[in-house]
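*Asks:* What follows is each chain in one-letter form.
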Amino acid sequence: GAVVSQHPSWVICKSGTSVKIECRSLDFQATTMFWYRQFPKQSLMLMATSNEGSKATYEQGVEKDKFLINHASLTLSTLTVTSAHPEDSSFYICSAAPLRTGGEYNEQFFGPGTRLTVL
Amino acid sequence: AQTVTQSQPEMSVQEAETVTLSCTYDTSENNYYLFWYKQPPSRQMILVIRQEAYKQQNATENRFSVNFQKAAKSFSLKISDSQLGDTAMYFCAFIPSTGANSKLTFGKGITLSVRP
Chain A
1 GAVVSQHPSW VICKSGTSVK IECRSLDFQA TTMFWYRQFP KQSLMLMATS
51 NEGSKATYEQ GVEKDKFLIN HASLTLSTLT VTSAHPEDSS FYICSAAPLR
101 TGGEYNEQFF GPGTRLTVL
Chain B
1001 AQTVTQSQPE MSVQEAETVT LSCTYDTSEN NYYLFWYKQP PSRQMILVIR
1051 QEAYKQQNAT ENRFSVNFQK AAKSFSLKIS DSQLGDTAMY FCAFIPSTGA
1101 NSKLTFGKGI TLSVRP
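If you read the sequences in order, they're chains A and B. Using my numbering, the letters of the first sequence correspond one by one to residues 1 to 119. Using my numbering, the letters of the second sequence correspond one by one to residues 1001 to 1116.
Calculated from the structure, these hints are not laboratory results. For glycine and all other residues, C-beta sits at the position ideal for the given N, C-alpha and C. Among these hints, one or two may not hold up.
Have a look at the derived ranges for each label pair, beta carbon to beta carbon [to be verified]:
id	chain 1	residue 1	chain 2	residue 2	range
1	B	Ser1074	A	Phe39	21 to 31 angstroms
2	A	Thr17	B	Gln1056	46 to 56 angstroms
3	A	Pro86	B	Gln1056	45 to 55 angstroms
4	B	Thr1027	A	Glu59	16 to 26 angstroms
5	B	Tyr1054	A	Thr17	46 to 56 angstroms
6	B	Gln1002	A	Lys66	19 to 29 angstroms
Kindly produce the complete structure, drawing on both the sequences and the hints.
*Replies:* This is how it looks when you write it as structure tokens:
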């Protein structure tokens, strides 16, 4: 159980175009989803936290108009990189946290990641 | 705010030997959880082990165990009988217990190489 998928796994796009990445919780309902960015050999950097049906909360320094996040249902969140440029090339990872059922923390389950290359 | 520090960028260990990865953290929270995550070359994040701060007993998962020193805010991971498949980046992480949107704070990670 607790499987999270991401699609696509790898995308190449031209500079100036927009790219959408999907994150799905396959066997549970995710009230909260997180989006991370990771450069090679570096740690995960949290970009934003999204709750189903409400606006995402972005971390300081992350452009919300650049990285659009939509958490439209309890099993799907999308990250759209608008007007992508080569510096947006990175590995994007989502995680999903199920509704807390009395546990003391929100366990996060990670997707396999999406590699974005902007030419 | 919480901080997680992994000061060793890389380590290498011979297959079948034991290796310890270090992690320190800083927080003013009373209740929290600590984790070690493994990220192999596939880049899928895998939870290795979890420690609840209010539990004094160190967590163990097969060949993986932790040395949790709450007063010193230290949380090291010991890998026994290292295997080639243990080659990966390892991240120490912290999350407070309270708050529906509690966020994971990761350390910088350490690249572990297991030599045949």
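*Asks:* Taking the hints in turn, state whether each one holds.
*Replies:* Structure-based check of each hint:
Taking the beta carbon of each, serine 1074 (chain B) and phenylalanine 39 (chain A) are about 27 angstroms apart, inside 21 to 31 angstroms as hinted. Separation of threonine 17 (chain A) from glutamine 1056 (chain B) is about 54 angstroms and conforms to the stated range, judged on CB atoms against 46 to 56 angstroms. The hint said 45 to 55 angstroms for the Cβ distance between proline 86 (chain A) and glutamine 1056 (chain B), and at roughly 50 angstroms that hint holds. Against the hinted window of 16 to 26 angstroms, the Cβ-Cβ separation of threonine 1027 (chain B) and glutamate 59 (chain A) comes to about 18 angstroms, which satisfies the hint.
The beta-carbon spacing between tyrosine 1054 (chain B) and threonine 17 (chain A), approximately 49 angstroms, falls within the hinted interval of 46 to 56 angstroms. Evaluation of the 19 to 29 angstroms hint for glutamine 1002 (chain B) and lysine 66 (chain A) yields a pass: the beta carbon distance comes to about 27 angstroms.
Violated hints are absent here; each numbered hint is respected by the structure.
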